[in-house]
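Can you make the complete structure from the sequences, with help from the hints?
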Amino acid sequence: MSSTFLGMPATPPRSPYGTGNLRGDRKFPAAAHDELRNEQLRRNLGKATHTIRAKRLNVTGELPDWEQLRDAGSAIKTDTMNRLPELLEQLEQQVTERGGTVHWARDGVEANEIVTRLVRATGSTEVIKVKSMATQEIGLNEHLESAGITPYETDLAELIVQLAHDKPSHILVPAIHRNRDEIRQIFLKEIPGVDPRLDNVPAHLAAAARAYLREKFMTTKVAVSGANFGIAETGTLSVVESEGNGRMCLTLPDTLITVMGIEKVLPRYQDLEVFLQLLPRSSTGERMNPYTSMWTGVTPGDGPQDFHLVLLDNGRTAALADRIGREALNCIRCSACLNVCPVYERAGGHAYGSTYPGPIGAVLTPQLAGMHAAKDDPNSSLPYASSLCGACFDACPVKIDIPSLLVELRHQHTEESGTTAEKLAMKAAAGVMKRPKLFTAAQKAAELGRVLGGRDGKISHLPPPFNGWSDSRDTAAPPKQSFRSWLASDEGAATMRAAADEYDRNQQEEEK
Amino acid sequence: MRIGLFATCLGDTLFPEAVKSTAVLLARLGHEVVFPPEQTCCGQMHVNTGYQREPVPLVRNFAEQFGDPSIDAVVMPSGSCAGSVRHQHEIVAERYGDAALRAGVATVKTKTYELSEFLVDVLDVTEVGAYFPHRVTYHPTCHSLRMLRVGEKPLKLLRAVDAIDLVELPEADSCCGFGGTFAVKNAETSTAMLQDKMRNIATTEAAVCTAGDSSCLMHIGGGLSRIKSGTRTLHLAQILSSTRTSPYVLTEAVR
Amino acid sequence: MTTARATVLGRVRDALALAPTQDTTIPRDYRTGRTLPDDERLALFTDRLVDYKAKVHTCTAARTAEVIAQVLDGLGARRIGVPAGLDEQWLGAYDGDVQQDSADIPAPRLDALDGVVTASAVGCAETGTIFLDGSPDQGRRALSLVPDLHVCVVDLSAVEVGVPEAVARLVPERPTTLISGPSATSDIELERVEGVHGPRTLVVVIRVDA
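Protein chains in written order, with my numbering: chain A, 1 to 512; chain B, 1 to 255; chain C, 1 to 210.
Be a bit skeptical, because a hint or two may be false.
For lysine to any residue, the following SDA-like pairs were computed, each having C-alpha atoms within a straight-line distance of at most 25 Å [what the hints assert, rightly or not]: (1) K437/A <-> E64/B; (2) K228/B <-> D456/A; (3) K55/A <-> G151/B; (4) K437/A <-> K228/B; (5) K423/A <-> K228/B; (6) K216/A <-> P108/C.
Treat the hints as calculated values from the structure; they're not laboratory data.
So, in structure tokens, the structure goes:
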């Protein structure tokens, strides 16, 4: 029975505080401070993001109907959210009818417990994993390890991150912050029995990962995956990948456990015709990713005979309850917004402190986990980690208006924050500017501010909170006269008259 | 046409030369330029920083100042302020305004233009009789590029300027890192973006970096001044209003 | 005690009640139902396959066995796996060892094969994609995955122009694998490198009259 029948609808809860990987331990500016000083990181990110930008533009430019596909993708996701209850029930029914078992998890803690229980029931102490944002979000690996189960990440970038005891910094390429030399060093140090002559050629590094994981694929009885799409109409699940590690995990083990956020459902099988065009071109900049697997429940004689689908909330319903913010749930995790974001490019993914970095992370993370869960919640800084340049909105294959969502979350933050010095300053500024006379007086005062400028008319030091600005920028001292004073002056009137006269003169000449 | 000139609070107070140039340019093209005297600020900084209650009187004042039906078009030398009027005023009005404000905002929104789109789209001119014999590179500001979609319009205007040496800015569409209070709240990330922008500007060896927003130019210009660059910043309107008879006198960038 | 299912579904309904939705119509103005003449479809499909580093051979149906044997010999493949339902004649000209697959053969034994020959269900020209759906001539998914060489026979009549046209031909409940070139990764500096866990060599034999 749904609580809507019990009376007033209740606001759904966020992901429980202190669980999973949806909150860093520092605010964005503090974390970015350190990341910005890492020259290697800056170079790695700059190179990778520029490479992928060009590729994405090439393959999206190839399709004359790209905008129509985006419109369709956006509308399908919005329609999905509007009909989420019935679609989830339909998905559950279809998966169950085809021999799968569906589990529901209110939050990451519950999902972790479900997966651990399912793995234990198989008797296996190891699982192979397909790259999955949902299981990163809930910290499944850490939970499995604490339960004595060893998770092996099989995606190359996830493997690099896991071997380096590092954290992912990108949705698609979690090791984007590492270059080939660093990866070589990690492999030499962490892969048992690796050829010590391994060089930094990407193909050779990939071959080393292939050799290392081959035996795991052949022998491990349980796999854990996420899902890119779950089709309500047919119960079909889909994983989009490149390396074949996904196919290995989805095909060879006896048991497959798929953890899927409830927003990943799609209404119809036909909808794949849209998303199989939008996703690969937006994410890796390929016309199609090398491999996509689609499976429906259990197929006798082919693949895992024991299939479990875990449907995860973990704050998604809290986001859904926000009229504006819910648009972030339309995200298909392509990472195009990260790749075009000037802030992400400089600060890197770790500065966001969440499984979901970049522009989409800045609007998704605070909604899933909240931004006022503790005093000075680091998540409250995320909506401000953007210059609102809008590159993310243009790149988004499902047209999520990320800049508008950021502005909305900023508003929610100021509304929650009570009276702050900034709010008082904003009130004061608006108080002046809503009274034209006061505004004009303030301009006169600003003109007096010329004395702040040095001999060259520049201000080179400003007090906090503007010292960060003046550390690297001069500020021109205010001019002698505002525009309105000039316009009201004899000089202004004469200039405007002369301009109008010039037009008249030109007209007369043309007539001649 | 009867054009209501919105000076923008920043332009009016700190960068009056860009607004003067806009006024002169429009008058020279034969239009009546009116300056509703009680205008102040569009409230963009408030909204972008997360404040939507505080700018309600500013939004109201804007709608009142420019709602006059005798004003055919509202023109401003700023892509971001035009973006604010066209996209944010209704958000504020919907949430915290009354029916009158919502109606006022809707009316003004449809006749509000950034300078370059007004010239090219509404007046249908690209050749404005300008003369500017210097090497210039153009930075498309984010809100003009992606919120207003001005596209090639400013470049069309610049290409038609007599004697100009227009050079393409590498990675032009990357944000300069300003973003209003972003440059204060995330000053270091903003600086990293600014440094890359300045590096790209340096490769053009341009005497002038121009754009359609005084705010972004304040940011870029502040950085260029600090590193004692040979390139200075100038608003697009100042180039377009420079003529053979009354040319803009380009002083050396202060080193 | 309330189940997690009831709680989550209740929250979803509450969320939609708290912030009511607006009806959405889905614009499907993108290209669908496209057709192209055989030669153009073949050219496009081949171009895209080659671009993503697949090796492509074209032949008539009558020459299937000959071309497959040439391909396998050329790559030095001596032990080949085939799905149980593959047309026996396709391996008629091949003199190496042919192992017919069955569900009880464990994966490590597939790893000992030099390669695998399968048919396919559908192709997509615009993306250079082959769709396998587990039909008897394509076999279980492990078979076309574990060996390092996949020789895949595609009939030109099954190659559609684009993704919507190809997806329309799929049978949803079948385990379906989309293959676009050999396995690859972009995980190192976002540069594409071919060859990770899936077959490192993909050979596509397009039968132009089938």
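The hints, checked one at a time:
Between the alpha carbons of K437/A and E64/B the distance comes to roughly 16 Å, so the proposed pair stays at or under 25 Å and holds. Using a Cα cut-off of 25 Å, the hinted pair K228/B and D456/A holds, with the two alpha carbons roughly 12 Å apart. Under the criterion of a C-alpha separation no larger than 25 Å, the hint pairing K55/A with G151/B is consistent with the structure, at around 22 Å. A C-alpha spacing of about 38 Å is found between K437/A and K228/B, which places the hinted pair above 25 Å, so the restraint is violated.
Simply put, K423/A and K228/B have alpha-carbon atoms about 36 Å apart, too far for the 25 Å limit, and the pair is violated. The suggested pairing of K216/A with P108/C holds, with an alpha-carbon distance near 11 Å, which does not exceed 25 Å.
The structure does not agree with the numbered hints 4 and 5 stated previously, though it agrees with the rest.
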